[in-house]
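S.K.: Chain by chain, the residues:
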Amino acid sequence: MSPENSLSVPNSEIILSVCNLVKRFPILGGIFSREVGSVQAVSGVSFDIRRGETLGLVGESGCGKSTLGRSILRLIEPTSGNVIFKGKEVTQLNASELRKLRRHMQVIFQDPYASLNPRMTVESILGEPLDIHHICKDKKERGQRILKLLDLCGLRRESISRYPHEFSGGQRQRICIARALAVEPEFIVCDEPVSALDVSIQAQIVNLMQDLQSELGLTYLFIAHDLKIVEHISTRVAVMYLGKIVELATAEEIYGNPKHPYTKALLSAIPIPDPSYKKERIILKGDVPSPIQPPLGCHFHPRCPIAQENCKRDVPELKLTQCGNNPSETGSHSVSCHYA
Amino acid sequence: MMEVILEVKGLKTSFFTEAGEVKAVDDVSFNVFKGKTLGIVGESGCGKSVSSLSMMRLIPNPPGRIIGGQILYQGRDLLKLELDEMRKIRGNEISMIFQEPMTSLNPVFTIGNQICEAIELHQDLSKKEIRNKAIEMLKLVGIPSPEKRVNEYPHQLSGGMRQRVMIAMALSCDPQILIADEPTTALDVTIQAQILDLLQELQVRVGMAMILITHDLGVVAEVANEVVVMYAGRVVEQGSVKEIFHHPKMPYTMGLLNSIPTLSQDPTGKVKKKRLETIPGIVPNLLHLPMGCRFQERCTHVVAACKEKEPELRVIGEVDQKKTPHAIRCVRDL
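For the record, the sequence lines run as chains Y and Z. Take the first sequence: its position 203, counting from 1, is numbered 203 in my numbering, and each next residue is one higher. Every number in my numbering is 1000 more than the matching position in the second sequence, counting from 1.
Hints in this document: simulated from the structure, not taken from any laboratory. It should be emphasised that the depicted structure is a prediction, and the values quoted were computed from it without experimental measurement. Heads up, the beta-carbon is just placed ideally off N, CA and C, and yes, glycines get one too. Among these hints, one or two may not hold up.
Covered stretches of chain Z, going by a simulated chain Y footprint (3 or more residues, C-beta under 8 Å) [to be verified]: (1) 1190 to 1201; (2) 1251 to 1263.
Simulated crosslink set (DSS-like; lysine-lysine; CA at most 27 Å straight-line) [what the hints assert, rightly or not]: (3) Z:Lys1309 - Z:Lys1249; (4) Z:Lys1148 - Z:Lys1128; (5) Z:Lys1036 - Z:Lys1323; (6) Z:Lys1012 - Z:Lys1088; (7) Z:Lys1088 - Z:Lys1139; (8) Z:Lys1249 - Y:Lys228; (9) Y:Lys279 - Z:Lys1036; (10) Z:Lys1274 - Y:Lys279; (11) Z:Lys1323 - Z:Lys1012; (12) Y:Lys279 - Z:Lys1034; (13) Z:Lys1323 - Y:Lys278; (14) Z:Lys1242 - Y:Lys278; (15) Z:Lys1249 - Z:Lys1307; (16) Z:Lys1274 - Y:Lys264; (17) Z:Lys1023 - Z:Lys1309; (18) Y:Lys278 - Z:Lys1274; (19) Y:Lys285 - Z:Lys1139; (20) Z:Lys1036 - Z:Lys1139; (21) Z:Lys1323 - Z:Lys1242; (22) Z:Lys1034 - Z:Lys1323; (23) Y:Lys278 - Z:Lys1036; (24) Z:Lys1242 - Y:Lys279; (25) Z:Lys1309 - Z:Lys1009; (26) Y:Lys100 - Y:Lys140; (27) Z:Lys1249 - Y:Lys278; (28) Z:Lys1249 - Z:Lys1023; (29) Z:Lys1274 - Y:Lys228; (30) Z:Lys1274 - Z:Lys1249; (31) Z:Lys1242 - Y:Lys228; (32) Z:Lys1023 - Z:Lys1307; (33) Z:Lys1133 - Y:Lys285; (34) Z:Lys1034 - Y:Lys278; (35) Z:Lys1034 - Z:Lys1080; (36) Y:Lys264 - Y:Lys319; (37) Y:Lys285 - Z:Lys1148; (38) Y:Lys148 - Y:Lys137; (39) Z:Lys1036 - Z:Lys1249; (40) Y:Lys148 - Y:Lys100.
Take the sequences, apply the hints, and build the full model.
M.R.: Below, the structure written as structure tokens:
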């Protein structure tokens, strides 16, 4: 891991461990609402997140990245698999235990227009989590804490009595971040937190999230489809395709030495803001196949430029490979491809 | 010498709301050259989409109205045309692709039906010829088995496919000008690459001019020949794509370019930034614009002169007949 990336904390403890997580949505049909099929949105995903790091999760729409993020928090009940947060098995917790756990795991959603209640003032939005978890002893402490949150997220103190519609998109996203931070969590799932924002505002929010991370020692699972933002903020990056992680490595490795043909195609598709530069682009044919009937063998084979006969039959495992820049550092680059 | 195919002069479009007149597009001028691509960039609310809707005369009235300016196409001012004359041009000579492929197709008609409608309105062909033409258009935009797809409904297609159908529809009458309003914003990067590739390929093949409206500077750098940067209803900088990206002179354009994260393996050799540069603050409310330059509150190069009078768009560098001269709306020489 590079020394310049001050955010990386390579040898800290594992805070979250996801093992073989599966989420299947049944498709009901007929007059008796019998199950006629199913969508395997997340099919057997495993990874670890260390304290203080940011794991970026990228993939095209419909690849299951949001479902994965929500299953970890049990906002969606996972079908099978394990999620271990600080030694505790999240999937087995009952409702009251889960509520206690919510103090440590929070979420920021994509659309700051939809994820704030329009009838609540900023004070009640930020105060609600404090009340639910009985964090403040009295009204005075509660008030102070809310003001502190506003300061922390770069919002003016006057905003406390305002309603969400009085804010711009970037400011609303700051309110969402403040709300997530109200209970002092250690781990935050950020589900496309900047995709709905303009470029100049995006940069403000990304900087804020990085500042908060180093100040409060937060751990992020950062879900996004913008590969440039993901590289900027992440310590490690996981690339998902059709419910599976196809490549997982440090951000440096993924962007500098991509091994999976899908990752290569994704990276080559990023438009570069420089008109004099003309690049060789790998154009993938077709769309992401339907997750109802995923292709046999490697899920990527119908669009893969290097697919061979056995890719149609054999499912590749996510296995470790050698790092390109630093071959001695094994164990940090995994890829699921027969020919990578 | 490049031929100007569309000339927008001093366009002003306002929305009359209860709170007052919102000048969404305020004195905007630019030229579109034959066979070339003009990129219009800016953040939400800067007036880029309203400009394009004004060109098509699709501004909802009330509350909106075009209150001034000219849009010259083949010697005629589109703003002065009767509605039925405008209808002959719209979709035939100038056509448009909208941002949302999910919502801009009618869900109760087959896609074939919708493409045929456009052809039927503008071309004198028999039913069978129209249908064949629709299938041919679907083939052109790279939809597999078009004979089958032509009978399908929009919900049966993916987002990328729907956008292709929109493009097929827009191109079905061989337009001179194609206005593409955020054509790839709703799509994934791999599909975006397919669509941009397709648009450029078709442009070369049919020789049409294109106006590409987007907030993605990467897309503009790849596709456009000329660029117009808009801010709060005004053109703040314009010029060739190379000038705008390599020598931006207006602080807003510089800020926009600096706020995009660069890839560490950036092939152009830029160094990866540890921290993103930002433009502080937010876009001003169009109802309460500041005196003077509209960007002053967010500008890091602001001087006293910026607050007195709004700067005019002035040409910097050489004036060349072959291209749009590089012009900025800024008093500073940065």
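S.K.: The structure should be examined with respect to each hint, and the outcome stated for every one.
M.R.: Evaluated hints:
Chain Y is given as covering the segment 1190 to 1201 of chain Z, and this holds because 7 residues of the stretch bring a CB closer than 8 Å to a CB of that chain, at least three being needed. With a threshold of 8 Å between beta carbons, the proposed coverage of the segment 1251 to 1263 of chain Z by chain Y holds, since 8 of its residues qualify and at least three are required. Straight-line distance between C-alpha atoms of Lys1309 (chain Z) and Lys1249 (chain Z) comes to about 19 Å, which keeps the hinted pair within the 27 Å bound. Taking the CA atoms of Lys1148 (chain Z) and Lys1128 (chain Z), the gap is near 16 Å; set against the 27 Å cutoff, the hint holds.
Taking the CA atoms of Lys1036 (chain Z) and Lys1323 (chain Z), the gap is about 11 Å. The hint holds against a cut of 27 Å. A threshold of 27 Å between alpha carbons decides the hint, and for Lys1012 (chain Z) with Lys1088 (chain Z) the separation of about 24 Å falls inside it, so the pair holds. Taking the CA atoms of Lys1088 (chain Z) and Lys1139 (chain Z), the gap is about 26 Å. The hint holds against a cut of 27 Å. The straight-line distance between the Cα atoms of Lys1249 (chain Z) and Lys228 (chain Y) is roughly 25 Å, inside the 27 Å bound, and the hint therefore holds.
Distance check on the hinted pair: Lys279 (chain Y) and Lys1036 (chain Z) sit about 20 Å apart at the alpha-carbon level, within 27 Å; holds. Our distance criterion of 27 Å between C-alpha atoms is met by Lys1274 (chain Z) and Lys279 (chain Y), whose separation comes to about 25 Å. Of the pairs offered as hints, the one joining Lys1323 (chain Z) and Lys1012 (chain Z) holds, with about 24 Å between alpha carbons and a cut-off of 27 Å not exceeded. At roughly 26 Å between alpha-carbon atoms, Lys279 (chain Y) and Lys1034 (chain Z) fall within 27 Å of each other, so this suggested pair holds.
About 21 Å separates the Cα atoms of Lys1323 (chain Z) and Lys278 (chain Y), which keeps this hinted pair within 27 Å; it holds. This hinted pair checks out: Lys1242 (chain Z) and Lys278 (chain Y) have alpha carbons roughly 13 Å apart, not beyond 27 Å. With a C-alpha separation of about 19 Å, the suggested pair Lys1249 (chain Z) and Lys1307 (chain Z) falls inside the 27 Å cut-off, and the hint holds. Straight-line distance between C-alpha atoms of Lys1274 (chain Z) and Lys264 (chain Y) comes to about 24 Å, which keeps the hinted pair within the 27 Å bound.
Of the pairs offered as hints, the one joining Lys1023 (chain Z) and Lys1309 (chain Z) holds, with about 18 Å between alpha carbons and a cut-off of 27 Å not exceeded. At roughly 26 Å between alpha-carbon atoms, Lys278 (chain Y) and Lys1274 (chain Z) fall within 27 Å of each other, so this suggested pair holds. For a cut-off of 27 Å, the pair hint linking Lys285 (chain Y) to Lys1139 (chain Z) stands: about 15 Å separates their Cα positions. Between Lys1036 (chain Z) and Lys1139 (chain Z), the direct Cα distance comes to roughly 24 Å. Compliance with the 27 Å bound is thereby established for this hinted pair.
For the hint linking Lys1323 (chain Z) to Lys1242 (chain Z), the alpha-carbon distance of about 12 Å falls within 27 Å, and the restraint holds. Between Lys1034 (chain Z) and Lys1323 (chain Z) the CA atoms are separated by roughly 12 Å; this keeps the pair inside 27 Å, and the hint holds. Straight-line distance between C-alpha atoms of Lys278 (chain Y) and Lys1036 (chain Z) comes to about 18 Å, which keeps the hinted pair within the 27 Å bound. With a C-alpha separation of about 16 Å, the suggested pairing of Lys1242 (chain Z) with Lys279 (chain Y) holds against the 27 Å cut-off.
The hinted pair formed by Lys1309 (chain Z) and Lys1009 (chain Z) meets the criterion: a straight-line CA distance of about 22 Å does not exceed 27 Å. Distance hint between Lys100 (chain Y) and Lys140 (chain Y) is fulfilled; the C-alpha atoms sit about 24 Å from each other, no more than 27 Å. Under the criterion of a C-alpha separation no larger than 27 Å, the hint pairing Lys1249 (chain Z) with Lys278 (chain Y) is consistent with the structure, at around 24 Å. Distance check on the hinted pair: Lys1249 (chain Z) and Lys1023 (chain Z) sit about 25 Å apart at the alpha-carbon level, within 27 Å; holds.
Between the alpha carbons of Lys1274 (chain Z) and Lys228 (chain Y) the distance comes to roughly 13 Å, so the proposed pair stays at or under 27 Å and holds. The suggested pairing of Lys1274 (chain Z) with Lys1249 (chain Z) holds, with an alpha-carbon distance near 24 Å, which does not exceed 27 Å. A C-alpha spacing of about 22 Å is found between Lys1242 (chain Z) and Lys228 (chain Y), which places the hinted pair at or below 27 Å, so the restraint holds. Only pairs whose Cα atoms come within 27 Å are accepted, and Lys1023 (chain Z) paired with Lys1307 (chain Z) is accepted, the gap being roughly 20 Å.
Simply put, Lys1133 (chain Z) and Lys285 (chain Y) have alpha-carbon atoms about 24 Å apart, close enough for the 27 Å limit, and the pair holds. Simply put, Lys1034 (chain Z) and Lys278 (chain Y) have alpha-carbon atoms about 23 Å apart, close enough for the 27 Å limit, and the pair holds. Between Lys1034 (chain Z) and Lys1080 (chain Z), the direct Cα distance comes to roughly 23 Å. Compliance with the 27 Å bound is thereby established for this hinted pair. Our distance criterion of 27 Å between C-alpha atoms is met by Lys264 (chain Y) and Lys319 (chain Y), whose separation comes to about 18 Å.
A threshold of 27 Å between alpha carbons decides the hint, and for Lys285 (chain Y) with Lys1148 (chain Z) the separation of about 19 Å falls inside it, so the pair holds. Under the criterion of a C-alpha separation no larger than 27 Å, the hint pairing Lys148 (chain Y) with Lys137 (chain Y) is consistent with the structure, at around 16 Å. Our distance criterion of 27 Å between C-alpha atoms is met by Lys1036 (chain Z) and Lys1249 (chain Z), whose separation comes to about 23 Å. Restraint check for Lys148 (chain Y) and Lys100 (chain Y): satisfied, since their Cα atoms lie roughly 23 Å apart, inside the 27 Å limit.
Every hint, counting from the list given before, is met by this structure.
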